[in-house]
Amino acid sequence: MSKRLIFAIITIACCFALTACSTVKAPAEAAITAADQALAGVSKEASQYVPDQLKSVQEALAAAKANLQKGEYQQALTGAQDVAAKAKDLAKAVAAKKDELTKAWQDMSSGLPGMVNAIQSRVAILSKSRSLPAGLDKDKFESAKASLATVTQTWTEASNAFQSGNLMDAVGKAKAVKEKAVEIMNALGMKAPAAAM
Amino acid sequence: MSDDPKQEAPGSNSWDATQWHEVVKGDTLSKIAAKYYGDASLYPQILEANKDILTDPDKIRVGQKLRIP
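Protein sequences appear in the order of chains A and B. Residues are numbered in the working numbering as their position in the first sequence, beginning at 1, plus a constant of 40. Residue 24 in the working numbering is what sits at position 31 of the second sequence, and the numbering runs on without skipping anything.
In short, the hints are calculated from the structure, not lab data. It cannot be assumed that every hint is accurate.
What the hints assert, rightly or not - No farther apart than 27 Å at their CA atoms in a straight line, the calculated lysine-lysine pairs in the DSS-like style are these: (1) 137/A / 185/A; (2) 220/A / 185/A; (3) 220/A / 52/B; (4) 24/B / 180/A; (5) 28/B / 231/A; (6) 28/B / 185/A; (7) 52/B / 168/A.
Could you put the whole structure together from the sequences, leaning on the hints where they help?
Spelled out as structure tokens, the structure:
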């Protein structure tokens, strides 16, 4: 083979390599931009409802960007496409979590006010009593009254959180109210509703 | 006297927090008030909570389910 032929083959090979690189670079950049946008669209709610899942996708995007910087366009492209798919999964996970929390809130908000009212009623009557029933001493009763004040306050906070769209906080506080209300009912010799157990 | 045998008694809502007492032989509203409130004189609270089924505090019958507010 002549030197000219070898030179021509090398030149053509280099051209192919360069063309291949530039062919993948642009789609990789576009895919990363698209993945960035897809993630930005869900990250606010995802950070609230599925933070661990969001962190994993953010790490995958960072890896794709690092590959782009290193010139590993094919890996960057594949990584970015994967991130875009995972961003869609994130949106679904957020919707599922919100649905789950909404159902939990609806369930508890249908029952907790009744529990709190029942406790308030019993405390009001016991406050008029000349002596307390068997199993309830003065200290226990005072403690139950103090807990009732906390429960009432926490329920107000839970309702406000729900009104402002903070489902995580609303459900978290409602669960705390439920647990405390069960404790108070037990202390006062009352039976907690089956749904609260 | 018996403790509430069925928490969900009338209504059957699993969140129902109503407290019930099923009347047994020998029960009076005063005795029931003493059991739940520690004070027999508070029986009018029970009478008031059950005014839909009780008209006379001396007339309660065995098996009747009374609300205990």
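Cross-check of the supplied hints:
For a cut-off of 27 Å, the pair hint linking residue 137/A to residue 185/A is broken: about 35 Å separates their Cα positions. For a cut-off of 27 Å, the pair hint linking residue 220/A to residue 185/A stands: about 12 Å separates their Cα positions. Restraint check for residue 220/A and residue 52/B: the C-alpha separation of about 37 Å exceeds 27 Å, so the hint is violated. The straight-line distance between the Cα atoms of residue 24/B and residue 180/A is roughly 23 Å, inside the 27 Å bound, and the hint therefore holds.
Restraint check for residue 28/B and residue 231/A: satisfied, since their Cα atoms lie roughly 14 Å apart, inside the 27 Å limit. Taking the CA atoms of residue 28/B and residue 185/A, the gap is about 20 Å. The hint holds against a cut of 27 Å. Note on residue 52/B and residue 168/A: the hinted pairing holds, with a Cα-Cα distance of about 25 Å set against a maximum of 27 Å.
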